[in-house]
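*Asks:* Sequence:
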Amino acid sequence: MAMDSFRDSNSINNLPDEILGKILSLLPTNVAATTSILSKRWRNLLTHIDSLYFDDAMVVYPNEEEALSGSDRFCDFVDKTFALLSNSHMKKFSLRHVPRLDHYDAYHRWISTALEQERGLLELHLHADPRFKGVFFPALKSLSLLSVSMLNYDNYFRLLDGCPALEVLYIRDAGHFDLPRCGAVVKSSSIKRLVVFVNLPDSKEHHEVSCFEAPSLVYLDYSSFVFGNYQSVDLESLIEARLNLRLWESYNNYGSSDDDGDDYSDYTVHHYYGDVTNLVAGITNITTLHLSPDSLEAIYFLCKSMPVFNNLLNLYIESNKEKGWQVMPLLLKSCPNLHTLVFKGLVHKVTNRCGDACACFPKKQRVIVREQEEVCCLLTCQVKVLEISEYRGSFQELKQVRHFLGKLECLETVKVGVVADTANR
Numbered sequence: 074m075a076m077d078s079f080r081d082s083n084s085i086n087n088l089p090d091e092i093l094g095k096i097l098s099l100l101p102t103n104v105a106a107t108t109s110i111l112s113k114r115w116r117n118l119l120t121h122i123d124s125l126y127f128d129d130a131m132v133v134y135p136n137e138e139e140a141l142s143g144s145d146r147f148c149d150f151v152d153k154t155f156a157l158l159s160n161s162h163m164k165k166f167s168l169r170h171v172p173r174l175d176h177y178d179a180y181h182r183w184i185s186t187a188l189e190q191e192r193g194l195l196e197l198h199l200h201a202d203p204r205f206k207g208v209f210f211p212a213l214k215s216l217s218l219l220s221v222s223m224l225n226y227d228n229y230f231r232l233l234d235g236c237p238a239l240e241v242l243y244i245r246d247a248g249h250f251d252l253p254r255c256g257a258v259v260k261s262s263s264i265k266r267l268v269v270f271v272n273l274p275d276s277k278e279h280h281e282v283s284c285f286e287a288p289s290l291v292y293l294d295y296s297s298f299v300f301g302n303y304q305s306v307d308l309e310s311l312i313e314a315r316l317n318l319r320l321w322e323s324y325n326n327y328g329s330s331d332d333d334g335d336d337y338s339d340y341t342v343h344h345y346y347g348d349v350t351n352l353v354a355g356i357t358n359i360t361t362l363h364l365s366p367d368s369l370e371a372i373y374f375l376c377k378s379m380p381v382f383n384n385l386l387n388l389y390i391e392s393n394k395e396k397g398w399q400v401m402p403l404l405l406k407s408c409p410n411l412h413t414l415v416f417k418g419l420v421h422k423v424t425n426r427c428g429d430a431c432a433c434f435p436k437k438q439r440v441i442v443r444e445q446e447e448v449c450c451l452l453t454c455q456v457k458v459l460e461i462s463e464y465r466g467s468f469q470e471l472k473q474v475r476h477f478l479g480k481l482e483c484l485e486t487v488k489v490g491v492v493a494d495t496a497n498r
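Numbered by this note's numbering, the letters in the sequence shown go through residues 74 to 498 in order.
Treat the hints with care, since some could be wrong.
Stated by the list, open to error - Ranges of calculated distance between the beta carbons of each label pair, as one might list FRET restraints:
id, residue 1, residue 2, range
1, ALA247, PHE209, 23 to 31 Å
2, GLU278, ASP178, 20 to 28 Å
3, PRO237, GLY479, 52 to 60 Å
4, ASP234, GLU482, 33 to 41 Å
To be verified - Here are the computed lysine to aspartate or glutamate pairs in the EDC-like style, where the Cα-Cα straight-line distance is at most 20 Å:
id, residue 1, residue 2
5, LYS164, ASP227
6, LYS164, ASP275
7, LYS153, ASP128
8, LYS165, GLU91
Since the hints were derived computationally from the structure, they do not count as laboratory data. Think of the CB as a built atom: it goes at the ideal place given N, C-alpha and C, for glycine as much as any other residue.
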């Protein structure tokens with residue numbers, strides 16, 4: 074009786090094979106394979122999984138010497154798994170492996186096997202050392218390239234050209250001594266969503282030219298130290314962009330509250346590395362823009378001219394007490410149809426170049442007089458919805474909120490999100 078009750082309560086065994094296969098697909102494949110020894114019920118469930126995730130870091134070697142020399146144990150496991158799943162409909166294949174020279178045939182064999190599925194592979198994630206002689210992934214929809222430092226440009230372009238149906242591309246170039254590779258140039262007529270994260274702080278001299286040619290792209294999430302030039306930018310279908318553009322040099326002493334406010338000509342883009350003019354000009358069709366604190370400064374210092382964003386309806390600004398709002402007046406004036414303005418935090422570095430977009434007042438009276446002669450950028454702003462998150466109620470924040478309320482004449486709705494510890498005061 075007790076045993077029958079236990080069997081009834083063990084409801085997972087009563088699920089259909091297809092559902093159990095979906096559950097196993099969420100696990101690393103080596104873990105999923107171990108479930109076959111649980112009982113007869115689980116013995117053949119591995120054939121129902123549709124996602125494979127192989128990571129050679131999960132292979133247990135008998136000794137350090139064999140691990141360092143590169144055991145064949147990982148390759149044997151992958152080969153046996155593919156043999157077992159020869160009739161499965163695979164949708165996702167993830168491989169984290171740096172093969173030895175004698176493993177490249179196996180490496181290409183695994184990818185080829187994944188591509189031979191009747192319905193076609195939809196997602197491919199590589200954190201490896203791929204060297205492609207020629208590839209064709211006709212049904213591949215999503216591709217992730219994670220720190221593939223050994224992937225040269227020829228193989229990279231060959232890979233993208235072999236993915237005619239690709240819609241989602243995720244690129245990560247990160248490492249202290251690596252060079253920008255996949256994240257520097259993206260050319261694809263089919264991709265619709267692109268996420269690029271480039272963090273190579275020791276490779277400034279190699280951040281020379283970047284290129285984005287993706288006419289079908291609708292979503293861009295781009296984070297990188299600035300390149301010397303964004304040579305070609307074709308993003309005509311882009312709707313939403315998230316930019317985190319990081320400067321190579323520090324500008325901490327420029328535009329401080331006690332600066333004398335000399336002309337901007339002393340700080341032209343020619344004095345500092347990077348030029349984001351073409352990149353900013355290439356995203357003017359967007360309706361939604363997210364800017365990090367670093368991006369605000371990068372656009373101010375390294376954009377030679379601000380284009381007009383006629384279609385921009387939603388602007389998201391993230392603030393940081395170490396970064397200024399110098400670009401805000403010009404940015405707001407360049408968004409004539411802006412509807413929603415969202416701030417994540419209001420505290421920013423106080424400078425004498427924030428203009429009338431904020432309530433910061435520089436110490437030099439002559440700068441104040443000069444600014445007052447101009448029409449306030451907020452007075453001409455068409456913003457109807459103002460949202461503020463991470464509000465802490467400081468004196469500076471309160472002044473800023475009052476400034477917005479007094480100057481945004483079209484404002485209809487204000488939403489303020491208060492930090493939890495502040496709400497209890």
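*Asks:* Please go over all the hints and tell whether each is borne out by the structure.
*Replies:* Here is how each hint holds up against the structure:
| no. | hint | result |
| --- | --- | --- |
| 1 | ALA247 <-> PHE209: 23 to 31 Å | holds, 29 Å |
| 2 | GLU278 <-> ASP178: 20 to 28 Å | violated, 37 Å |
| 3 | PRO237 <-> GLY479: 52 to 60 Å | holds, 55 Å |
| 4 | ASP234 <-> GLU482: 33 to 41 Å | violated, 52 Å |
| 5 | LYS164 <-> ASP227 | violated, 27 Å |
| 6 | LYS164 <-> ASP275 | violated, 37 Å |
| 7 | LYS153 <-> ASP128 | holds, 15 Å |
| 8 | LYS165 <-> GLU91 | holds, 16 Å |
Consistency note: the structure conflicts with the earlier hints numbered 2, 4, 5 and 6.
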